[in-house]
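Fit chain C to the supplied structure of chain W, relying on the hints for placement.
For the protein sequence lines, the chains are W and C, in the order given.
Quick note: the first sequence uses our numbering, first residue 1, plus one each step.
Quick note: the second sequence uses our numbering, first residue 1, plus one each step.
I should point out that these hints are in silico values taken from the structure, not numbers from a laboratory.
Just so we're clear, the structure is a prediction, and the values are computed from it rather than from any experiment.
Check the hints yourself; a few may be wrong.
As the list claims (entries may be wrong) - What the simulated footprint calls covered on chain C by chain W, stretch by stretch (three residues with Cβ under 8 Å from a Cβ of chain W suffice, anywhere in the stretch; the number is not a length):
id: 1; stretch: 43-55
id: 2; stretch: 59-70
id: 3; stretch: 83-90
id: 4; stretch: 106-118
What the hints assert, rightly or not - DEER-style ranges, computed between Cβ atoms:
id: 5; chain 1: W; residue 1: L123; chain 2: C; residue 2: E55; range: 25 to 33 Å
id: 6; chain 1: C; residue 1: S130; chain 2: W; residue 2: D106; range: 40 to 48 Å
id: 7; chain 1: C; residue 1: V145; chain 2: W; residue 2: P119; range: 44 to 52 Å
id: 8; chain 1: C; residue 1: N146; chain 2: W; residue 2: L118; range: 35 to 43 Å
id: 9; chain 1: W; residue 1: L18; chain 2: C; residue 2: K13; range: 40 to 48 Å
id: 10; chain 1: C; residue 1: E4; chain 2: W; residue 2: E133; range: 37 to 45 Å
id: 11; chain 1: C; residue 1: S130; chain 2: W; residue 2: W110; range: 32 to 40 Å
id: 12; chain 1: W; residue 1: A59; chain 2: C; residue 2: E144; range: 19 to 27 Å
id: 13; chain 1: C; residue 1: K141; chain 2: W; residue 2: Q57; range: 16 to 24 Å
id: 14; chain 1: C; residue 1: K13; chain 2: W; residue 2: I129; range: 47 to 55 Å
id: 15; chain 1: W; residue 1: N26; chain 2: C; residue 2: N146; range: 18 to 26 Å
id: 16; chain 1: W; residue 1: D106; chain 2: C; residue 2: L34; range: 28 to 36 Å
id: 17; chain 1: C; residue 1: S130; chain 2: W; residue 2: C6; range: 33 to 41 Å
Note that the Cβ used here is the ideal one computed from N, Cα and C, for glycine as well.
Protein chains: 2
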Amino acid sequence: MRNENCFYCSGKKPLSDLMTEVIQLNFSTVYFFLDQKNPGRCVIAYKDHYRELYEIQEADCCEYIKEVRIVARAVSELYTPDKLNYAIYGDGVPHLHLHLVPKYKDGVSWGGPFSDKLPVVHLSDEDYISQIEQLRRHISKIMEVNK
Amino acid sequence: MRNENCFYCSGKKPLSDLMTEVIQLNFSTVYFFLDQKNPGRCVIAYKDHYRELYEIQEADCCEYIKEVRIVARAVSELYTPDKLNYAIYGDGVPHLHLHLVPKYKDGVSWGGPFSDKLPVVHLSDEDYISQIEQLRRHISKIMEVNK
Numbered sequence: 001m002r003n004e005n006c007f008y009c010s011g012k013k014p015l016s017d018l019m020t021e022v023i024q025l026n027f028s029t030v031y032f033f034l035d036q037k038n039p040g041r042c043v044i045a046y047k048d049h050y051r052e053l054y055e056i057q058e059a060d061c062c063e064y065i066k067e068v069r070i071v072a073r074a075v076s077e078l079y080t081p082d083k084l085n086y087a088i089y090g091d092g093v094p095h096l097h098l099h100l101v102p103k104y105k106d107g108v109s110w111g112g113p114f115s116d117k118l119p120v121v122h123l124s125d126e127d128y129i130s131q132i133e134q135l136r137r138h139i140s141k142i143m144e145v146n147k
Numbered sequence: 001m002r003n004e005n006c007f008y009c010s011g012k013k014p015l016s017d018l019m020t021e022v023i024q025l026n027f028s029t030v031y032f033f034l035d036q037k038n039p040g041r042c043v044i045a046y047k048d049h050y051r052e053l054y055e056i057q058e059a060d061c062c063e064y065i066k067e068v069r070i071v072a073r074a075v076s077e078l079y080t081p082d083k084l085n086y087a088i089y090g091d092g093v094p095h096l097h098l099h100l101v102p103k104y105k106d107g108v109s110w111g112g113p114f115s116d117k118l119p120v121v122h123l124s125d126e127d128y129i130s131q132i133e134q135l136r137r138h139i140s141k142i143m144e145v146n147k
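So here's chain W without its partners, still in its complex pose (with noise of 0.2 Å):
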């Protein structure tokens, strides 16, 4: 189910200056966010175009969460945040996406919600691909373990 006139459907910008995919799973895809003031931000956006938790099928949605488990698990063993904060907002963007932020006692928004009106913080490109590709490969290790 595809709505064209969505990013997360159509993967056409502002997609990739956003966010760039780390994994597509069964019902998910994780992308990993590029502003990371946050550090290990992702977002987890589901399969397919639907706006509310209850519309999709009961058993997609705990698949659905099952996939945001594995990759709250990954980043929090690969960057140890003091907590995670786990968000499905979709206002303006609303395709079921979940922003997985990372947060830090001595980092940005601790003890308030994260913001996207903060100064973002790049990596370079090389960090990027380290980043994401050692994501990749834990998330595909928790995967193969919980099988």
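For chain C alone, coordinates are given in the frame of chain W:
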């Protein structure tokens, strides 16, 4: 699994200053958020003291999410928001709880994160009682249909 320093576990202040219980489900307690600047806002707290989604047993996590879906459907049907926001933060209060925040195109924080820094909006006692009762009944009805 309880933590006596956690207000979701103990039920102590400031819990009652922030929210009122709507209904206990098998894996969560649903609260009506007293600040109703986003009409219909609730909290769905997991029954035990866990921090992260992946720390809960997989099957229990799916049951929790099924309850989140039911409450989300109930709030959608009663309040007809333009979008629901679902957020698990917990930097300050790490007991796993999800803020279910209805967003309205002509309401506060549309297109951005909901905020607890904007002026609070309280209802009359009669309105709290009637809205909480209505929500309790609607959640129970959906639970019954889903059996």
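Each hint, compared with the structure:
no., hint, result
1, 43-55, "holds (count 4)"
2, 59-70, "holds (count 7)"
3, 83-90, "holds (count 8)"
4, 106-118, "holds (count 6)"
5, W:L123 to C:E55: 25 to 33 Å, "29 Å, holds"
6, C:S130 to W:D106: 40 to 48 Å, "46 Å, holds"
7, C:V145 to W:P119: 44 to 52 Å, "49 Å, holds"
8, C:N146 to W:L118: 35 to 43 Å, "41 Å, holds"
9, W:L18 to C:K13: 40 to 48 Å, "41 Å, holds"
10, C:E4 to W:E133: 37 to 45 Å, "44 Å, holds"
11, C:S130 to W:W110: 32 to 40 Å, "38 Å, holds"
12, W:A59 to C:E144: 19 to 27 Å, "20 Å, holds"
13, C:K141 to W:Q57: 16 to 24 Å, "21 Å, holds"
14, C:K13 to W:I129: 47 to 55 Å, "50 Å, holds"
15, W:N26 to C:N146: 18 to 26 Å, "24 Å, holds"
16, W:D106 to C:L34: 28 to 36 Å, "32 Å, holds"
17, C:S130 to W:C6: 33 to 41 Å, "38 Å, holds"
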